[in-house]
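2 protein chains.
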Amino acid sequence: MPSSHFSNGDSESLLRLPLLSSQRSIVNSTSQVAIVGSNVSPIESLDYEVCENEFVKLDWRRRGKAQIFQFIFMKWLLCFFIGMIVCLVGFCNNLAVENLAGIKFVVTSNMMLERRFLLAFLVFFISNLVLTLFAATITALIAPTATGSGIPEVKAYLNGVDAPGIFTIQTLIVKIIGSITAVSSSLLIGKAGPMVHTGACVAALLGQGGSKRYGLTWKWLQFFKNDRDRRDLIICGSAAGMAAAFRAPVGGVLFALEGMASGWRSALLWRAFFTAAIVAILLRAMIDLCLSGRCGLFGKGGLIMFDAYSASVSYHLTDVPPVFLLGVIGGILGSLFNLILSKVLRIYNFVNEKGTIFKILLACVISIFTSCLLFGLPWLTSCRPCPPDPTEPCPTIGRSGIYKKFQCPSNHYNDLASLIFNTNDDAIRNLFSKNTDDEFEFRSVFIFFILCFFLSIFSYGVVAPAGLFVPVIVTGASYGRIVGMLLGKNSSLNHGLYAVLGAASFLGGSMRTTVSLCVIILELTNNLLLLPLIMMVLFISKTVGDAFNANIYDIIMKAKGLPYLGTHAELYTRQLTVGDVVTGPLQTFNGIEKVRNIVFTLKTTGHNGFPVIDEPPISEAPVLFGIILRDHLLTLLKNKAFLSLPIATSTEVFSKFSADDFAKKGSSRVTLKIEDIQLSDEEMDMFIDLHPYANASPYTVVETMSLAKALALFRGLGLRHLLVVPKFPGRSPVVGILTRHDFTPEHVLGLHPFLVRNRGNKLRFFSTLA
Amino acid sequence: MPSSHFSNGDSESLLRLPLLSSQRSIVNSTSQVAIVGSNVSPIESLDYEVCENEFVKLDWRRRGKAQIFQFIFMKWLLCFFIGMIVCLVGFCNNLAVENLAGIKFVVTSNMMLERRFLLAFLVFFISNLVLTLFAATITALIAPTATGSGIPEVKAYLNGVDAPGIFTIQTLIVKIIGSITAVSSSLLIGKAGPMVHTGACVAALLGQGGSKRYGLTWKWLQFFKNDRDRRDLIICGSAAGMAAAFRAPVGGVLFALEGMASGWRSALLWRAFFTAAIVAILLRAMIDLCLSGRCGLFGKGGLIMFDAYSASVSYHLTDVPPVFLLGVIGGILGSLFNLILSKVLRIYNFVNEKGTIFKILLACVISIFTSCLLFGLPWLTSCRPCPPDPTEPCPTIGRSGIYKKFQCPSNHYNDLASLIFNTNDDAIRNLFSKNTDDEFEFRSVFIFFILCFFLSIFSYGVVAPAGLFVPVIVTGASYGRIVGMLLGKNSSLNHGLYAVLGAASFLGGSMRTTVSLCVIILELTNNLLLLPLIMMVLFISKTVGDAFNANIYDIIMKAKGLPYLGTHAELYTRQLTVGDVVTGPLQTFNGIEKVRNIVFTLKTTGHNGFPVIDEPPISEAPVLFGIILRDHLLTLLKNKAFLSLPIATSTEVFSKFSADDFAKKGSSRVTLKIEDIQLSDEEMDMFIDLHPYANASPYTVVETMSLAKALALFRGLGLRHLLVVPKFPGRSPVVGILTRHDFTPEHVLGLHPFLVRNRGNKLRFFSTLA
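Order-wise, the sequence lines are chains A and B. Heads up: the first sequence begins at 1 in UniProt numbering, then just goes up one per residue. Heads up: the second sequence begins at 1 in UniProt numbering, then just goes up one per residue.
It is worth saying that the hints were derived from the structure and are not from the lab. Worth double-checking, as some hints may not be accurate.
Treat identical chains as interchangeable: a pair holds within one or across any two.
Claimed, not checked - Below, computed lysine to any residue pairings styled on SDA-like, alpha-carbon distance capped at 20 Å:
| no. | residue 1 | residue 2 |
| --- | --- | --- |
| 1 | K104 | F121 |
| 2 | K638 | N39 |
| 3 | K57 | Y572 |
| 4 | K57 | L571 |
Just chain A, same shape as in the assembly (with noise of 0.2 Å):
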């Protein structure tokens, strides 16, 4: 409740009162589990605070010149490693789908020319569900935190949330060969939200030195031991992943910053322009060794780069009508986006709770329902004849073109055809490219879009990697046609520049980044004076979508249950203080306590870290020293630091441990834990001495502190644990740890439950603004 100590008579009385006594033994009742990929798994929390204690000052104070002049190099060879796995990645990524999609169009393409047209369609039918089934498959059994687009998770990743398994080797291998051969089954999913993901888990396998578990690992790449080390490299690659998945360098490093990470510092921009660069570059020199013909059927479409505009375009303030009310449009269209995914996702995850066969039969029936409807539905539409004198090839010979035979008669195209029996990057070039007004009729464009519309919703939440990127673009690339095509000679702009905008509405509209959307849309079209237009269109599409609902990225977070802490703080955290919500029971440790108490507290608990505090005779008083944590408690255990009186220890006892035992493991499920550890009675009646391993300088707040402050101290620097400290002397030195799960709206709200009325429903819209 908040305290208000001037509002009457009693302020003496309640000044003395202590906050937290009625609420001591309140244990934290929000669930500490999230949807990891499609299965529930336990969360912990990251911890990217400094551990500063005595040990790790001393081996600070021993390295030399040379050793940090080795710590900046691994930081920068990290990088550039980084950068080329992730472009090699990207590369073969975009090899292997071109050419295994490819291969399937030309066959059933080939079919089709001598009319067999169900032969075609058992081949098309057959090829794609059993890449889905592949994919499938391999995603649920091997690694089920592969599925899906794998943004949000790596999103909380960086806001401080350990999925654990997001960043094991497994994941990364079945998120590249499922993403291939999900992508080439023609599922309407895509590439970027994977590759996003296959940079990070690239940089966190880098980071840790390799994967622990299949004893993959180097020595002299683990160099970084702690969370906030890992978290910049996974910054890095989730830029890099990014820049290779839409060639789009600047783009990828304002995607990462902008939309993922939750922590900004100049110096880790310029990294991850580093890294981006890396990926940059070499893509440039295998497109060049591609471009010999060399790569089968990876051609030109091979990756995305849409240079639809390189010529100059012209537009005028007439022009700004059209393009808001584009934007408006395209906010309306994201958000419902948002709210029917979030809703098929919900009704998905009951499916997946029935087990792993269900999971898998359900991405089969999706990829028969795309089957048919792909195949089915250019028929719906009639043939028309190719244009007297086209720009390509009428009808296309071979794979990709804007004039797809399909059933038609000679010197015929089918213009359905041309967007829907084509890969989804063949699709968006095709509706992207200009002086194609009149190659396109409006019904073939108003179908594709709501195919489009619903299978991209429909398409990912199936057990497999999946993005949302092209989705949303092709979707919203057929949406903006639609508008061009409506408007007709009342606008001077052509319908392919409709198409990009359209394009940047949707996008705008679902995932709410603005700046790097803007970025990447410019680096995919290739044209900068497109600027003024995608920033205008881009800013009423989220401003419109705001209004409705959360961006995509956020209502799967929340959906999975991860709990990610945003920067906004609710308005009712101002009138709460910290002791409000602090729970209990607390755990502590004297400075030098009794190896029972360790591992009896250690055992019966599942707290990480433990205040130590200084009781008579150490001190006059009892006064907090610091916060020990239990990796390094388990630490000590192992080795054995035992005294047999409790006394100080002496610092010969650092020759016992390297500053490796201290360092944070990698996120590996081989940890030590507290009952691997045997111990005899005798050493259980020792003595450990915690002050030189406990962390001297834990922040702190007093329990008077306003909630929102709290907050911004906890979110702000990156930490795991807040010790509350009492206002009044007298009392325990410190009363209470604030973690992650009491900053979440549904652990306060629910000791608070009258608050929940004074939320306005509407209130988001405004804090999103604000």
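Assemble chain B onto chain A, guided by the hints.
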């Protein structure tokens, strides 16, 4: 001294020793004045913390949805106005410069066509001198704060340093007019820096509702009453300024975030983006208006946009070595530029200290020197015959163009004059233009490079608004051409592209921002295909430059004495505790304090914040209640919210005040002073209850907290005061206050001189890399 509790047997006695006892009377000895513009001024800090007291909380609770909506609406409306005004200023600035300088060049060219060279020189010389004299005089007499680029001052402001007078209406007007005249006077200075300052100034003035001093205030604009909201507006204003200067909206936003802002929020990115979009769209509209020739001599060159590379550029892996070389030399040249500039500025300071007349004289000397060089140097080169089929008229008719006639016979042109005898924008366009490999002689470009390098160094420090971007670009472009010429046929890239890359490398070597510069150059050249090359060159030149010295803005900030707090924590801060640096004596107030004591303390100290301590009988033991600000105390004294007896006030006293009374006043010089408040003897013996007005949630650190962690908190949350509480109970509940100056290296190293020798000279290099 570093506390080492465990190294010896004295640990217990050490633990009982109050850490601060030995230093309680040391006064902070670092200078609290800095050079702002060309004058020395006292410096105050800004407070980005939300002051949460009972009064403010009550005010928040009272606010309805309408007021929240109004708040958000005003934020966006102000951004809209900032964008609009900055765009207008930027456009008028360009229009005026193009016409002023244009007329000058047309008149002199016509005289030279009639071979009246002496008269031409006199016209050129006198017009330059008059323009410079005008700019220098208004700057020196009306607003010395308008001197220089203004970027360092704005950057320091965003870090929390309140340099007085940088955002007044005089500064704004002088900055605009001074920049126009100074740039027109052919001094080698830029308009981008002044535009950024102008944008920030417009934002600050709009944010505080106009200029208080001249009564130009609007009540409805006075909505943002704290440093936090003003900081956000100023970031948007800086972004708009950069966007208007280079017609580079995305680059402008990134520059504001990478180069200027110390903190960053996703919501802020969006608002800055909106402001830049307004600028971009309006600029587009205004250029549309000018295309019909209604803007005098304002032609295509009016707003910088060197779309020299709209066609596709091809480059391959073999081009990497020369580009690498370009980056290395650019980094060396850039750091050399920074070094010489800082030395020259120091010499100029001696001149400036002598008085206003000397400042103006210095500007005139530089102008005379520049005029002579610009007019004299082209005579050194021989005339070149016009190419057989020139793309432009040869020799150039009218003002700008690549084939300047100068003293040459007909059908000949002077290539050095094409570079020198032009506005800087035109010189850059000429250097950037492609297919001009044979147009310039090596000797001419070399002379031009040397001229630009030194003129830009000597011109920056004069008492006039002067930016660094354009001089650095023009110098870098000429150096790039030189490298291109030296490589000759060994490289497939054309010389114009070398000029672009040279400009990028010199910018990177001097300014050391990466992503924003990359985007700005891309927006200037309008060719995204250059991206990998520009990224590489920027990366290399920044790395090389960082090996030698800091970036130019940090050097200028340091030379001016602005106490900027960087993100990087020096290594020694980890070995020191807060108790090692905090200084006294500490001034505190009781929860209910005598008026006489408050008046005495305010008169005798200049402190801005005072801890409020509840002592018996209000509480059982002395306990820290919060912190009260000087401004708020003055408001209480002025409104005479006094009590005759020392008892707690009721909330009725709140009716005496409005929220505005406790709002932070604008950065005008008209602030309330303690000397202005007259109190009777009776009033002096009364009491004030400080509880409702004190910030009850101040951030605190324990005296044993490491300095690095306290700095992370201080900087991360943008604090002005950080309270230090004792580790052991039984002493005063607060033992010190940390402010910005306590964290400055000068102060810390002054207290602990033995740390100086531990600082490696080369550590800066490592630290900027890390």
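Taking the hints in turn, this is what the structure says about them:
For the homomeric pair K104 and F121, the shortest alpha-carbon distance inside one copy (11 Å) is at most 20 Å, but the shortest distance between copies (75 Å) is not. Taking the closest pair of Cα atoms, K638 and N39 never come within 20 Å of each other, the shortest separation being 33 Å inside a single copy and 64 Å across copies. For the homomeric pair K57 and Y572, the shortest alpha-carbon distance between copies (11 Å) is at most 20 Å, but the shortest distance inside one copy (40 Å) is not. For the identical chains of this complex, K57 and L571 are inter-copy neighbours only, at 11 Å across copies versus 40 Å inside a copy, given an alpha-carbon limit of 20 Å.
The structure fails to meet hint 2 from the earlier list, while all remaining hints are met.
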